[in-house]
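Peer 1: Respectively, the protein sequence lines represent chains L, D, F and E.
In case it helps, this note's numbering puts the first sequence at residues 1 to 199.
In case it helps, this note's numbering puts the second sequence at residues 1 to 199.
In case it helps, this note's numbering puts the third sequence at residues 1 to 330.
In case it helps, this note's numbering puts the fourth sequence at residues 1 to 330.
Derived from the structure by calculation, the hints contain no laboratory data.
Heads up, some of the hints might be wrong.
[To be verified] If you want the ones that stay clear, here's a sample from chain F, every Cβ over 12 Å from chain E, calculated:
no., residue
1, Asp14
2, Leu16
3, Thr27
4, Asp29
5, Pro74
6, Gly146
7, Gly167
8, Leu170
9, Glu224
10, Thr249
11, Glu266
12, Arg276
13, Leu314
[Stated by the list, open to error] The following label-pair restraints were derived from C-beta to C-beta distances:
no., chain 1, residue 1, chain 2, residue 2, range
14, L, Val159, F, Val285, 42 to 48 Å
15, E, Ser201, L, Arg24, 41 to 47 Å
16, D, Gly125, L, Arg24, 55 to 61 Å
17, E, Met228, L, Ile176, 45 to 51 Å
18, F, Asn32, E, Gln126, 18 to 24 Å
19, L, Gly95, F, Leu119, 22 to 28 Å
[As the list claims (entries may be wrong)] With a cut-off of at most 20 Å between alpha-carbon atoms, the simulated EDC-like pairs for lysine to aspartate or glutamate come out as follows:
no., chain 1, residue 1, chain 2, residue 2
20, D, Lys92, D, Asp107
21, F, Lys129, F, Asp205
22, D, Lys92, D, Asp149
23, D, Lys92, D, Asp114
24, D, Lys92, E, Glu182
25, D, Lys54, E, Glu31
26, D, Lys92, D, Asp3
27, E, Lys129, E, Asp205
28, L, Lys92, F, Glu182
These numbers were taken from a predicted model, which means no experiment stands behind them.
Don't be surprised by glycine CBs; every beta carbon is placed ideally from N, CA and C.
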Amino acid sequence: MRDTAFFRRWMAVASAAVNREAARLTELDSPIGDADHGSNMQRGFTAVGAALEKDAPDTPGAVLVLAGRTLISTVGGASGPLYGTLLRRTGKALGEAAEVSDEQLRDALHAGVDAVAQLGGAAPGDKTMLDALVPAVDALGTSYEAARDAAENGALATVPLQARKGRASYLGERSIGHQDPGATSSALLIAALAEVAAA
Amino acid sequence: MRDTAFFRRWMAVASAAVNREAARLTELDSPIGDADHGSNMQRGFTAVGAALEKDAPDTPGAVLVLAGRTLISTVGGASGPLYGTLLRRTGKALGEAAEVSDEQLRDALHAGVDAVAQLGGAAPGDKTMLDALVPAVDALGTSYEAARDAAENGALATVPLQARKGRASYLGERSIGHQDPGATSSALLIAALAEVAAA
Amino acid sequence: MRMLINVPETVVADALRGMAAAHPELTVDVENRVVVRADAPMAGKVALVSGGGSGHEPLHGGFVGPGMLSAACPGEVFTSPVPDQMVRAAAAVDSGEGVLFVVKNYTGDVLNFDMAAELAEDEGIQIAKVLVNDDVAVTDSLYTAGRRGTGATLFVEKLAGAAAEEGAPLQRVEAVGRQANECSRSFGIALSACSTPAKGSPTFDLPSGQLELGIGIHGEPGRERRAMMTAREIAEYAVDVVLEDLRPTRPVLALVNGMGATPLLELYGFNAEVQRVLTGRGVTVARTLVGNYVTSLDMAGCSVTLCQVDEEQLRLWDAPVQTAGLRWGR
Amino acid sequence: MRMLINVPETVVADALRGMAAAHPELTVDVENRVVVRADAPMAGKVALVSGGGSGHEPLHGGFVGPGMLSAACPGEVFTSPVPDQMVRAAAAVDSGEGVLFVVKNYTGDVLNFDMAAELAEDEGIQIAKVLVNDDVAVTDSLYTAGRRGTGATLFVEKLAGAAAEEGAPLQRVEAVGRQANECSRSFGIALSACSTPAKGSPTFDLPSGQLELGIGIHGEPGRERRAMMTAREIAEYAVDVVLEDLRPTRPVLALVNGMGATPLLELYGFNAEVQRVLTGRGVTVARTLVGNYVTSLDMAGCSVTLCQVDEEQLRLWDAPVQTAGLRWGR
Ligand SMILES: Nc1ncnc2c1ncn2[C@@H]1O[C@H](COP(=O)(O)OP(=O)(O)O)[C@@H](O)[C@H]1O
Ligand SMILES: Nc1ncnc2c1ncn2[C@@H]1O[C@H](COP(=O)(O)OP(=O)(O)O)[C@@H](O)[C@H]1O
Ligand SMILES: [Mg+2]
Ligand SMILES: [Mg+2]
Ligand SMILES: [Mg+2]
Ligand SMILES: [Mg+2]
């Protein structure tokens with residue numbers, strides 16, 4: 001079973017990863033975007049850390065709902081509402097339990113990812129964060145490590161794709177050959193989850 | 001004796017020299033000025049050519065007065081009124097004679113250079129066109145070749161000077177180490193004169 | 001990095017402080033990032049709220065004032081603002097007659113304004129929306145996020161703002177804004193990339209002697225790179241692409257817009273070419289605006305926006321406006 | 001070369017054609033390079049004529065209109081206009097009440113305007129002159145051409161223009177202009193060099209990470225090169241140099257001016273720092289203007305101009321002005 005501390009650790013490790021990789025995420029967002037994804041994510045997760053510190057939510061669901069709400073209130077851009085919705089809906093699906101099982105978490109993440117797909121209107125293959133998130137939650141049935149690898153591979157697999165959603169889509173064929181920044185940050189979040197789950 | 005055709009040839013050769021060296025004059029005007037001396041001179045002498053063609057002045061004095069007026073009306077900047085005054089006053093000093101002696105020309109150029117000094121308030125050593133013009137008219141007593149060399153040396157001798165007039169003066173000590181564009185174009189005009197006198 | 005800033009993190013807050021100091025006629029909430037007309041809410045009048053990423057100044061904060069926007073929400077550089085800002089702005093300006101959101105069509109802007117609309121309506125504020133999507137460089141909407149909102153934003157905000165100032169009800173203000181967008185098309189060209197504070201270097205590599213055709217306003221590259229063209233050739237290209245899509249049958253308003261680093265001297269020269277092409281194509285130009293209005297930080301380049309207008313739209317265009325960035329009449 | 005032009009030779013003429021198309025309220029003589037208020041000459045009123053090299057837009061052409069200049073004479077890029085233009089402009093706007101020439105203190109401008117004044121007076125036009133020389137970066141006037149005219153030009157043209165618009169006689173208009181200059185000081189900073197069309201490349205080499213302190217407005221380098229500074233440090237430096245020379249005892253008008261390629265977002269942020277320093281030094285700021293007003297083509301950088309004002313000068317500043325580049329009131 002995973003308790004509230006587990007979810008706080010997940011957010012903390014994710015935040016550290018985002019901080020570490022911020023420059024790279026912005027770099028990826030330059031040729032096919034507007035060069036802000038790294039600073040967007042950094043601003044958001046810094047705020048998440050502060051909010052979790054201040055409000056001290058006491059259930060797994062409450063941690064993720066607060067994290068999601070905080071992202072929505074501080075990130076902006078496309079990634080703010082999308083990642084905000086991902087965590088908020090996942091948190092909502094977890095309900096008010098003090099501890100949740102890995103299976104519950106998997107189902108909740110499924111609901112979260114579905115909400116992202118619905119909000120953004122994208123599907124796997126469109127060269128978005130969904131190219132990392134969808135294979136990751138599918139692989140969660142196997143293991144956290146499998147999910148981490150699936151997300152990582154999904155992010156790498158966006159390179160040859162032509163973008164059909166978000167800013168990169170304006171480039172048409174010129175979007176081919178670049179890795180999607182959102183898929184890359186999604187892989188970081190899933191890797192953070194795998195890391196705390198393994199600890 | 002020098003006839004009207006001589007003065008027209010002078011202006012034509014000067015114009016060709018200015019065209020040939022325009023990029024260099026602008027280049028010299030970049031580090032210590034505003035990067036326009038070449039195009040200023042080019043615009044002016046192109047207009048002089050057209051004006052001499054159109055109005056066909058028929059005395060040496062009239063050629064230079066028209067050339068000077070044309071420079072004033074087309075160049076602008078510091079060099080327009082200064083070079084315009086140089087030629088206009090030289091031409092005025094030549095009077096209405098159909099031919100002039102080398103001595104008359106030398107005296108007239110003296111008057112022209114004096115007028116430049118008065119209008120601009122500069123003296124030799126201030127890193128301006130006067131650093132080429134003053135030694136040149138002084139050397140005219142010897143020969144046109146001596147005048148050409150004196151102008152050329154005068155232009156080169158501006159390199160170590162600190163500018164005290166014109167735009168270059170704003171740079172203070174940073175104007176040291178650069179050749180003055182106006183002294184350089186003056187050397188071209190005197191060289192053109194020597195060339196037509198030798199022909 | 002050749003930027004006149006303190007640190008990248010405070011660029012937007014610093015700019016808002018500086019804006020507050022220069023414009024006593026505006027209420028600038030630096031903390032919450034909302035710029036409001038000091039005399040809002042205006043009793044009996046519909047309010048207009050817009051916003052978007054920063055870096056396009058004077059858009060949108062510079063268009064707050066009598067005859068145009070009631071409030072603007074500046075996001076981080078090139079990042080749409082968050083719903084909290086929009087809800088706060090709507091609450092500050094709503095007089096009970098409702099609020100029109102003017103939203104440029106980018107995924108981020110659309111999602112955040114949608115969330116804000118829901119939240120504002122929960123608070124009892126009537127919300128209408130106009131989506132601006134005028135950029136003809138984005139051709140195939142089925143396989144993209146749809147056309148971007150660029151120069152037409154100025155026309156939408158000006159015409160709808162004039163209607164609101166006259167006391168038109170929300171539905172009518174929304175219709176005026178929607179019509180302005182439908183009557184407008186834009187095309188943009190970059191002669192250099194821009195540098196965002198966060199990145200500190202050009203967002204893409206454009207060798208001198210090359211240009212990008214079909215750029216947006218977020219430093220993204222365009223759809224095509226070409227060898228440098230003359231102002232005349234660029235004007236012909238841009239105007240023709242716009243006309244092909246717009247096919248105007250009425251006179252047009254022309255916005256010849258600078259991306260930020262192109263000197264006004266060049267923009268006026270470019271305008272001469274734009275006018276020449278329009279005349280050659282038989283298009284009557286009713287009004288022309290030349291300058292930096294919808295910019296992309298320090299990008300060199302320009303965009304052309306045409307908005308075909310009827311008598312009523314022309315009247316709304318000519319109506320007085322008093323903002324930091326656009327001002328005439330009264 | 002990354003310029004939006006046809007060929008360097010026609011840049012000014014092209015810009016004038018584009019200006020004519022955008023501004024029906026101006027009479028633009030492209031051939032003779034004179035921009036005139038369409039309603040000039042104004043019976044019973046003193047006229048103002050200014051001019052200078054092009055590349056500083058909106059200065060001067062953008063300041064022609066009610067409440068400011070009667071006419072402007074644009075020279076080639078960074079090259080003072082020729083006397084013929086000034087005489088033609090004076091003749092076009094003189095109502096018999098005389099003409100004030102506003103001249104920036106550069107050798108070329110001074111010589112050409114002097115010649116024009118002589119010629120105009122020969123034609124029976126009464127001429128007065130105000131020399132603008134506000135740039136404190138030029139310290140030692142004995143060994144230089146004297147202080148350059150930069151940002152204060154806007155204050156001189158605005159205040160003297162307002163006095164003329166009210167019907168003040170030539171002597172008074174001249175005195176207002178002279179006083180505006182005497183009450184003003186400026187200091188400029190470059191973060192990049194600019195490129196003139198004739199040269200096609202930067203006029204000096206400024207490695208990124210360095211800045212030039214004490215630049216003028218003609219792309220010339222400044223008096224000192226330093227490692228990059230923050231907006232706060234630059235504001236402190238510039239404001240202190242200006243204050244040291246001006247030692248104001250009254251409130252000031254502040255012009256936080258962009259050199260052309262610095263985004264408005266950065267200028268507003270810089271203004272916040274300027275205001276902070278002024279407040280810290282006990283100086284009251286009566287009005288602030290932020291934007292690109294006296295530019296240097298595509299140079300990145302800024303300048304600060306302060307003009308200390310009495311009640312009457314403040315009234316003239318607030319008086320209505322309707323030009324392409326500056327507009328308020330009525
Ligand atoms: N419609 C969408 N659905 C899912 N993800 C999207 C969508 N649009 C954009 N994204 C993701 O958002 C990322 C960009 O985020 P970010 O740069 O922070 O926002 P913005 O594009 O507004 O600047 C993209 O790389 C992509 O993965
Ligand atoms: N007061 C002066 N007296 C004599 N020559 C001068 C004076 N001021 C400037 N010059 C000359 O003019 C040259 C610059 O001419 P130009 O670049 O055409 O004009 P501007 O300085 O107005 O751009 C300088 O190199 C210098 O030789
Ligand atoms: Mg982005
Ligand atoms: Mg020069
Ligand atoms: Mg963004
Ligand atoms: Mg010059």
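Peer 1: Against the earlier hints, flag every one the structure doesn't satisfy and list their numbers going up.
Peer 2: 1, 2, 5, 11, 12, 15, 17, 18, 21, 22, 24, 27, 28
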